[in-house]
Amino acid sequence: MSEPSTNGSGYWRDNMRLVGICLAVWFFVSFGCGILLVDFLNRIAIGGFQLGFWFAQQGSMVVFLVITFVYAARMTVLDRRHGVREDDEDGS
Amino acid sequence: MDLQALTYLIVGLSFALYIGIAYWSRASSTGDFYVAGKHVHPVANGMATAADWMSAASFISMAGIIAFIGYDGSVYLMGWTGGYVLLALLLAPYLRKFGKFTVPEFIGERYASNGARVVAVICLIVISFTYVAGQMRGVGIVFSRFLGVDIGIGLLVGMGVVFTYAVAGGMKGVTYTQVAQYCVLIFAYTVPAVFISLQVTGVALPQAAFGAEVVEGGGYLLTKLDQIVTDLGFAAYTDGTKSTVDVFFITLALMVGTAGLPHVLVRFFTVPKVRDARISAGYALLFIAILYTTAPAVGALARLNLTTTIQTGPVFEETANLAYEERPGWFRTWEETGLLAFEDKNDDGRIQYYNDANPEFAERASVHGWQGNELTVDRDIIVLANPEIASLPDWVVALVAAGGIAAALSTAAGLLLVISAAVSHDLLKGVFTRGISERRELLAGRISAAVAILLAGYLGYNPPGFVAEVVALAFGLAASSLFPVILLGILSVRVNKQGAIAGMLTGLAFTLGYILIFKGVFMPPLAENVAENWLFGISPEGIGAVGAMLNFAVTIAVSKMTPAPPEEIRELVERIRVPRS
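Which chain is which? The protein sequence lines are A and B, in order. The opening residue of the first sequence carries number 1 in our numbering; numbering runs sequentially from there. The opening residue of the second sequence carries number 1 in our numbering; numbering runs sequentially from there.
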């Protein structure tokens with residue numbers, strides 16, 4: 001098995017890349033669609049919602065949920081790939 | 001059984017449940033008392049976090065605030081949920097890996113400085129006390145409205161219940177009580193919401209009813225609402241009145257503040273593993289979003305209901321305004337509590353409800369003999385009166401009371417615990433009396449929890465300034481003092497204690513100063529709280545975001561000018577970054 005710190009830094013780089021992508025989505029749906037682009041998106045109507053308003057009061061929260069669950073799932077994969085998963089040590 | 005008796009019964013049963021749970025899960029060690037022995041299942045922790053997080057304000061006031069400010073209310077929805085993304089991605093897993101008991105303890109060890117730890121404790125205590133004062137007030141108000149007792153007595157009963165389970169059970173007791181409180185509050189919130197959705201749109205799911213067509217007269221709910229409120233001189237529901245820059249910064253301050261609130265952060269110390277902390281933040285967000293996506297639907301439905309009850313036909317048609325004598329039963333009930341007030345300014349026996357602060361509309365209205373808005377509506381009525389407006393049975397009304405109390409008590413208990421842990425673990429054990437035994441530390445924790453409850457009760461009875469403004473202060477301070485140094489402590493190995501202390505103090509002083517200038521919590525404000533006076537057009541609610549940026553900048557700059565932290569710190573940071581090492 002490789003040295004923990006080098007192992008850790010590759011893991012950390014992959015983690016930070018994932019965090020960067022997730023935060024870009026986080027920013028886009030809330031500050032982007034819900035605030036900065038709201039007037040533009042409000043010209044589009046989906047059912048009874050103006051799209052910008054929907055992002056501000058419903059959509060952004062739904063996407064936030066997806067982001068956190070996707071991040072948790074992806075990190076579980078990363079933990080295993082880099083051999084830093086917790087149970088692999090204590091066997092619980 | 002009459003409503004009053006039924007309410008006493010349901011609230012009493014919920015209290016018995018909380019105290020029973022606390023007895024079953026009482027704390028026997030400092031690990032139990034501070035972090036529930038780190039045995040909390042991630043789903044249970046998610047529920048506990050949701051109850052911890054959702055306060056009396058979320059439960060009682062939020063839908064009402066959104067109902068009356070429409071789009072502008074989005075700042076609370078996005079701000080108070082988006083913070084969980086920051087928590088899940090940037091803080092929770094690493095704080096769990098660090099594996100100790102408190103947030104100041106992390107700051108103290110990461111920056112190898114008792115000074116930084118003490119500054120963090122001061123920030124934590126200021127944040128938590130401003131927040132808890134609002135909660136205790138909320139407990140008192142719920143008691144007095146639903147059970148007809150004096151606010152002071154309501155406050156004493158609430159303090160007694162929290163005292164019983166927080167002092168005996170510590171974090172372990174509080175966690176499992178919060179799980180029960182979440183179930184009570186979410187049930188109490190969603191049942192009336194489903195019924196009012198069905199009544200207005202024929203769709204059961206509030207999130208879908210929000211975008212559905214209304215049963216009476218057709219047309220989409222939001223389109224109709226925009227039409228009706230603009231006809232009465234109000235701003236369109238789906239359009240805000242706040243500036244874009246202010247909406248942006250308030251949302252950012254609330255998000256960052258949420259992620260920096262100590263009573264929320266500490267919940268992620270209680271799960272068994274690092275990956276539990278990540279997924280647990282997801283569950284917390286799920287349980288919170290159930291209420292937070294329902295609230296704006298309730299707000300829009302109730303605003304439409306209320307407005308069309310008063311304005312029954314075309315504006316300015318003489319018989320289109322509700323005659324006061326024909327007002328519905330719920331109107332009479334809530335008039336008695338003072339949440340609804342009618343003043344017949346033009347003596348026509350009918351209610352004119354419109355925006356008389358809009359000069360152009362007020363002038364047009366005066367031609368038709370309208371001499372000013374005649375109805376004053378407290379925003380809290382939107383949630384509180386919902387069950388009656390929807391003609392739901394009495395037990396639902398009683399349940400809403402129990403839900404409101406659950407929301408207030410769960411948040412208060414979580415806050416009181418972090419205050420007591422900061423005193424007994426950080427100040428006593430960590431800094432001033434280092435050799436203290438575990439038994440005595442546990443005792444100190446219990447005593448400081450008890451003292452904190454007394455102080456919070458006092459603050460709840462004599463609130464410093466308007467409670468809502470005090471809560472804005474707590475978010476601004478959490479965003480500008482704690483969040484940046486915790487995050488930098490994880491992301492950078494180079495930031496040091498000089499940087500952290502300077503950063504926290506700058507963020508705290510800037511944000512506190514800005515809010516005091518405009519709000520004047522303990523003194524008269526120094527400047528009028530209007531957009532012309534604000535820095536870059538950012539209101540005091542949003543200034544925490546600027547304070548956080550200052551904190552980041554100062555921490556990094558000062559760290560660059562001072563020596564790098566010792567080698568052990570690099571090792572510590574590398575250790576907390578990986579789940580197993």
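Worth flagging that the hints you see were computed from the coordinates, not collected in a lab. Every residue, glycine too, gets a C-beta built ideally from N, C-alpha and C. Careful: at least some of the hints might be erroneous.
Non-contacting residues of chain B with respect to chain A, defined by C-beta distances greater than 10 Å in every case (computed) [claimed, not checked]: (1) Ala5; (2) Thr81; (3) Gly211; (4) Asn305; (5) Tyr461.
Here are the simulated lysine to any residue pairs, SDA-like style, with alpha carbons at most 25 Å apart [to be verified]: (6) Lys38/B <-> Gly10/A; (7) Lys519/B <-> Ala509/B; (8) Lys560/B <-> Lys38/B; (9) Lys97/B <-> Ile44/A; (10) Lys97/B <-> Phe69/A; (11) Lys100/B <-> Trp12/A; (12) Lys38/B <-> Arg74/A; (13) Lys100/B <-> Gly47/A; (14) Lys97/B <-> Ile46/A; (15) Lys100/B <-> Val84/A; (16) Lys242/B <-> Lys100/B; (17) Lys242/B <-> Thr76/A; (18) Lys345/B <-> Asp231/B; (19) Lys97/B <-> Leu18/A; (20) Lys100/B <-> Phe27/A; (21) Lys345/B <-> Glu317/B; (22) Lys97/B <-> Gly32/A; (23) Lys38/B <-> Cys183/B; (24) Lys97/B <-> Arg85/A; (25) Lys100/B <-> Gly37/B; (26) Lys242/B <-> Ile69/B; (27) Lys97/B <-> Arg80/A; (28) Lys560/B <-> Lys519/B; (29) Lys100/B <-> Glu317/B.
Status of the hints after comparison with the structure:
no., hint, in the structure
1, Ala5, "39 Å, holds"
2, Thr81, "5 Å, violated"
3, Gly211, "4 Å, violated"
4, Asn305, "17 Å, holds"
5, Tyr461, "35 Å, holds"
6, Lys38/B <-> Gly10/A, "29 Å, violated"
7, Lys519/B <-> Ala509/B, "15 Å, holds"
8, Lys560/B <-> Lys38/B, "37 Å, violated"
9, Lys97/B <-> Ile44/A, "45 Å, violated"
10, Lys97/B <-> Phe69/A, "19 Å, holds"
11, Lys100/B <-> Trp12/A, "22 Å, holds"
12, Lys38/B <-> Arg74/A, "24 Å, holds"
13, Lys100/B <-> Gly47/A, "50 Å, violated"
14, Lys97/B <-> Ile46/A, "44 Å, violated"
15, Lys100/B <-> Val84/A, "20 Å, holds"
16, Lys242/B <-> Lys100/B, "42 Å, violated"
17, Lys242/B <-> Thr76/A, "42 Å, violated"
18, Lys345/B <-> Asp231/B, "20 Å, holds"
19, Lys97/B <-> Leu18/A, "19 Å, holds"
20, Lys100/B <-> Phe27/A, "32 Å, violated"
21, Lys345/B <-> Glu317/B, "18 Å, holds"
22, Lys97/B <-> Gly32/A, "33 Å, violated"
23, Lys38/B <-> Cys183/B, "22 Å, holds"
24, Lys97/B <-> Arg85/A, "12 Å, holds"
25, Lys100/B <-> Gly37/B, "11 Å, holds"
26, Lys242/B <-> Ile69/B, "10 Å, holds"
27, Lys97/B <-> Arg80/A, "17 Å, holds"
28, Lys560/B <-> Lys519/B, "36 Å, violated"
29, Lys100/B <-> Glu317/B, "68 Å, violated"
Checked against the numbered hints listed earlier, the structure breaks hints 2, 3, 6, 8, 9, 13, 14, 16, 17, 20, 22, 28, 29; every other hint is satisfied.
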